[in-house]
Amino acid sequence: MQFSAQQIAGILNGTIEGNPDATVNALSKIEEGKPGSISFLANPAYTQYIYTSQASIIIVNKDFAPTAPVSATMIRVESAAAAFAKLLEMYNQVKLNKTGVSKQAYISDSAKVGDNLYLGEFAVISDNARIGNNVKIYPQVYVGDNVVIGDNTTLFAGVKLYSDTVIGKNCIIHSGTVIGSDGFRFEPQNEEGQRKVPQIGNVIIEDDVEIGANCAIDRATLGSTILRKGVKFDNLIHIAHNVEVGENSYLAACNVIAGSTKVGKNCMFSGQVGIVGHLQIADNTIITAQSGISKSITKPGEVYMGSPAFDANKYRKAYIHFRNLDGLAQRVDKLEKQNKQ
Amino acid sequence: MQFSAQQIAGILNGTIEGNPDATVNALSKIEEGKPGSISFLANPAYTQYIYTSQASIIIVNKDFAPTAPVSATMIRVESAAAAFAKLLEMYNQVKLNKTGVSKQAYISDSAKVGDNLYLGEFAVISDNARIGNNVKIYPQVYVGDNVVIGDNTTLFAGVKLYSDTVIGKNCIIHSGTVIGSDGFRFEPQNEEGQRKVPQIGNVIIEDDVEIGANCAIDRATLGSTILRKGVKFDNLIHIAHNVEVGENSYLAACNVIAGSTKVGKNCMFSGQVGIVGHLQIADNTIITAQSGISKSITKPGEVYMGSPAFDANKYRKAYIHFRNLDGLAQRVDKLEKQNKQ
Amino acid sequence: MQFSAQQIAGILNGTIEGNPDATVNALSKIEEGKPGSISFLANPAYTQYIYTSQASIIIVNKDFAPTAPVSATMIRVESAAAAFAKLLEMYNQVKLNKTGVSKQAYISDSAKVGDNLYLGEFAVISDNARIGNNVKIYPQVYVGDNVVIGDNTTLFAGVKLYSDTVIGKNCIIHSGTVIGSDGFRFEPQNEEGQRKVPQIGNVIIEDDVEIGANCAIDRATLGSTILRKGVKFDNLIHIAHNVEVGENSYLAACNVIAGSTKVGKNCMFSGQVGIVGHLQIADNTIITAQSGISKSITKPGEVYMGSPAFDANKYRKAYIHFRNLDGLAQRVDKLEKQNKQ
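So the protein sequences, as listed, match chains P, A and U. Here the first sequence is numbered in my numbering, starting from 1 and rising by one per residue. Here the second sequence is numbered in my numbering, starting from 1 and rising by one per residue. Here the third sequence is numbered in my numbering, starting from 1 and rising by one per residue.
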């Protein structure tokens, strides 16, 4: 796809300064701009790059006043950042604008699919599945029996949805993620060894949820494991049976939440956080990277750190002393010597 | 599937109190019971819910004496918990009762498969594979060359088994799990950069093993990586080349065991535990979440905590002081001032 | 494949001692040698095993002088270790010598593939993809639009490459690994909830890179996420958007590197290491297992430990005192009592 400065200025409602016939087919950072790419300048810290950037077109704020010649064609707009974000989104939509149902996909006779479905090669839609409108299912996805998928949801290549999973509208699920696998529950040892507790619940993902690549979200033993509206997951996250994650909570990569824990709304957990089972985590809780939560958190909006975690400021203070624990021990040695004398 | 109270009482050898024609098609927790579902009351702490539950049928212990009207049909049995577990298992069996070989699957001419195979769409069974009886292989599974799979084993959608993997009887392997990938071994740097050590061993999974979703279990360099009988793995676990995990050991999510380490029997590791390579871990060892084991454990039945880990009780005691390390430092400050005076 | 001692001696340029017609079809460790297998003795610590090993053939160093009878046929060579490594490599090459394009794979009309392609069942090569010569693509792999793959690269079963991914020559990518999924970036909350930042960059993997199973490597927001020449990854590693990993760096299992961090050359990170976003990590940095890096590392060749990490020697010293923090606290108690008196 090739666009001229004139076409882009039209889309962005901007004014051109330079060659209106300059064309681009890629988007770039201003400091990495190559001929044929379009970039933008919003952050004043990057102003220096506009004079050397090889981008063919650069979007700038209306009032940008260059102090040296700019070789690129400039397009002046109200907000360069917002205009560039709009271009990104358009580009993304075109890139992901897959349509059509592959003849090499499998759809059960008892499944019902909506309008405008994209179904890639070697994808499977199993018995009694219900797929909404404008859904995109990439190649090699597995949609199990009775699965429900809402409108405008995208499942990237290789996603696996076990039976009875429910996915809302406008969700994005990345490759390799598994939803609805059995929870990890076994009864106490008996003569024949441990006995598996059947996992017959399901997973419910509400609207506007995005889940990264290679996550694993277990079905409930009974009832549902639930990700509420607007939840966002990074990659490689483990969610155990009967967990619930509240609205708009953000979990970074490699989080682990054990069975039956309930996480509140608007929480933010950094990478590699672990939370033990059967806890309640209050709304707006922030947990720093690699922390381990071993007790319920009842007060909303607090920051936790450490393994086991406690108040992050207290942790940081303790950790400063830990770093110099050898020094502290030497001081105690000295005091003991003084007292002996 | 719809069942009446009469049918269920027959299966469970129970007596009906209420409408014998009440029907259900789902199982629920007593506190979440909806019309059309069957629940149970075993734990006295939940007794309050029986008077308000909307479940259509509730299984109760023989001697349960209600203190207020119960609207649901009750089925009295010897043990409500055991009876409900039996229903769960039956439900699970029906749910997973897949049969037949898809025409859209691939089976090599040199592979041999047993009786009553379920083989889903786009699954691959490669050259010289040997598949037992009553095996269920879901869609998009890959069974590599020379793989052996025992009777009654289930591989969920998208499992990948590299060549020469051996899986026992009655195993369950969840979606996305990879077994038999190359171990991470490279020879010391030479002129052409690091050189890969060929990984020509395999992975052996013994009987009654369950492995969660998106695990990665590497083949041995030479010989076998082995999971012994009855081992249970949660999701996203990494097992390196030549590791051995002993009978009935339980590993929670995101465990990492480095190369050649041997784990004993009946061990229980919580989430995000890491163990370095070439260690021996004694039987019945318990490791708390996020702990890191850096030395062999020779005494069986001990509990470890921390990174690097040591005795859990000692760790907890040390950690209490760590939390208040600022206080300890201030006390040392004060002692120093006192001694100066 | 069956080989005689005579054939193997020919390949290795060795001399036979014992039965030249002894045949083998497997490789084994000397201590696990079974009839029909070939082993080797290089490390003197294993000499004892040569007298009891049941291996049919054992490769030994030219000057090996047995002190008791050896039942196996021996092949004497310059270096037993090097000779056995050569056999391993040959065995590996034969094992992985897949060829041919499956009729049950999908190749877009606009894709271009090189000579001698192996393409397994139910693999997908999407629009405008460019595949080099001698590439092996196992079953159920997904190659997205515009993906470029260099000569001699192997993608094992189920690898997923999102659109625009670029893979170099001589790379190996293991099953379940996802490359090019969206980075985890959302704009600050607005009225409609958080807004996804389109991720329109890509991932570039240079030559001679090996990536383990079930890793997740996100595409850049703009520009590229890059793994430089010779990088080696173990399993279950998360790489966020716009990260760069320098030449010949080694990451063990379950590493997590957050957005835009740049890792230098020849680094070695042990398992479960986490690095926060927007950092610079100097060349030759070593990070111990489970450590968390929260600040840039500017001095090359240092060793880091802890979470947050600092100099490993200082950490170990501090940790010795941490283990006995209860003792230190008791000593302070005692000092306080002494001072009170």
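Simulated from the structure, these hints should not be mistaken for laboratory data. Warning: the hint list may mix true and false statements.
Which copy is meant is left open, so a pair is good if it fits within one copy or across any two.
Unchecked claim - Subject to a maximum C-alpha distance of 27 Å in a straight line, what follows is the list of computed DSS-like cross-link-like pairs (lysine-lysine):
#1 K314 <-> K136
#2 K337 <-> K86
#3 K136 <-> K86
#4 K196 <-> K169
#5 K314 <-> K103
#6 K169 <-> K340
#7 K317 <-> K295
#8 K136 <-> K334
#9 K262 <-> K136
#10 K112 <-> K136
#11 K317 <-> K340
#12 K62 <-> K34
#13 K86 <-> K229
#14 K86 <-> K299
#15 K337 <-> K29
#16 K317 <-> K334
#17 K29 <-> K103
#18 K86 <-> K340
#19 K169 <-> K337
#20 K229 <-> K196
Margin query: Output the indices of the hints that this structure fails to meet, ascending.
Written below: 1, 2, 5, 6, 8, 9, 14, 15, 17, 18 and 19
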